[in-house]
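*Asks:* Protein chains in written order, with the working numbering: chain A, 1 to 100; chain B, 1 to 439.
Don't take every hint at face value.
[Said to hold, decoys possible] Listed next, with one range per pair, are the computed distances between beta-carbon atoms: (1) A:Arg77 / B:Ala216: 15 to 25 Å; (2) B:Gln403 / A:Glu74: 45 to 55 Å; (3) A:His93 / B:Arg239: 43 to 53 Å; (4) B:Pro296 / A:Asp29: 55 to 65 Å.
None of these hints come from the bench; they were simulated from the model.
All figures in this text were calculated on a predicted structure; none of them were measured in a lab.
We put the beta carbon where it would ideally sit given N, CA and C, even for glycine.
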Amino acid sequence: MSVEGSAITAAERELANLLVEVLNLEGRDSASIDPAAPLFSEQGGGWGLDSIDALEIALALQQKYGVVLRSEDEATRRAFASLRALGEYVRQHAPALTQG
Amino acid sequence: MNPLPLITGYRPQAPLLFAAQGLLSQARFLGQAMALARTLPQAGFVLNLCESRHAFLLGFAAALLRGQASLLPPNKTPATVAAIRARYPDSYVLCDREQSDLGGMAGAVVVPLDLDGEDWARAPPAIAAEQIAALPFTSGSTGEPLPHAKSWGGLVLHAGLLSSRLGFDGAHLAATVPPQHTYGLETTVLAALAGGAVSHCARPFFPQDLGTVLEALPAPRLLITTPVHLHALVQARLRMPPLAGIVSATAPLSIELAAAAEDWLGAPLHEIYGSTESGAVATRRTTAGELWLPLPGVSVSADEEGALAAGPHLEQAVRLADLVETGADGRLRLLGRSGDMLKVAGKRMSLAELNHRLLAIPGVEDGVVFLPTADGAAGIVRPAALVVAPTLSEQQILDLLRQSVDPAFLPRPLRRVARLPRNELGKLPRAALQELMRA
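The following block holds chain A by itself, in its conformation from the complex:
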């Protein structure tokens, strides 16, 4: 699957919908999301999430995809950089997303 620029993939949209749902981000329209925007900053169209959100995201990923996050893991730090990075992490750890 190859993606040009910041166009959002179907898998990323599914993940964005999950985040909007579990974090109650009603104001955020998953159609206009830049998948490269940072999750934990409000700069550059970022989501402005915090550590409590990280707990909720981890829980949702575990329940939906069976993906487990560990904070000591450098890969987790990278996964939380953006929606795209998170999607990539999930894709590598749970094949269910790309089939969906």
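Since the structure of chain A is provided, determine the placement of chain B on it from the hints.
*Replies:* For chain B alone, coordinates are given in the frame of chain A:
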């Protein structure tokens, strides 16, 4: 008062910490702390930002050995670090890794964690009881950090009281709370130095992390945590090794969550009541009833303004933020925040009760009623509310609330929001509430 040893009930070969390399003995810890103390700069205060409990404990102990007081910030944002440094020019920053994202870090000292060191071969060094050991901060009414001085003698005495109540002696602790917070300081730092406990150095965050940390620890294991982490842990349904107990503080815990946590983790859960100013004051087994049992020798008395806590660890009585009712047996019932009693036209209702009524509405997932800062001309402050209720309109919520609340106390405005601005301990900073209300 006589000086008190850096480690109470010193047993050189008994463990004090579960470090990255495994169990670390009290003697080896003292050897490392002495080595670090020799390298610290000359100053009156040290701003200890260490994330690893091993580094924090070494920094805290080394500062005591050098007669330096540890400044413990409420958070690690660049603004907070800069404000505390500006207030304490005679200070330096201690951290355990390169933290380039923090402001005001010039000249920061990094605690080396690969130090091996030698066992301390003599009796543990003694520290003057009246020496100021720690200065945790609360956010003042205008948002600037307010320090609260804790003497070494008071902290050691208090650690003994808390340890006897919660069974810290000989227990292995896994904690999701930072050592800079008073709750974390008492339950994971002082518990190790003066309560006979062994603290794990990591601060596990995700439920999976907690599983890893608990599995590394020998029994008996105690989990030191908060309602936010307990909620995630219960939801995640991950298998945890057997626990001897669970401790929760920082925010009120619902009986439902307490029961679910006890059920899933198979251990009794004790909740701590206290404040940064007073330290832990009382505890309760949340599933066994609403009354709190004060720590041994600690008393809480109600007066016309609210309540005062007194105890052997406090030089003078400390005012608590809550209204309490004291029973004949000394047990306490909390009646809500004392600054939060609403009085309108001879009617009274506490914000706590109003909050309770709001949260009891079916469809309300989260919510808070609070008193905004007065800026109205009339000087009358009405309670305001922020509510998370995806399926209800603001009007519907008000209509439902009116069924159980006198119209004089109905929140105005009541604003529906996507979520509440909870901080990493699950608390709701007042400034964030005001900001969200204005938005």
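*Asks:* Of the hints given before, which are not true for this structure?
*Replies:* Failing hint: just 3.
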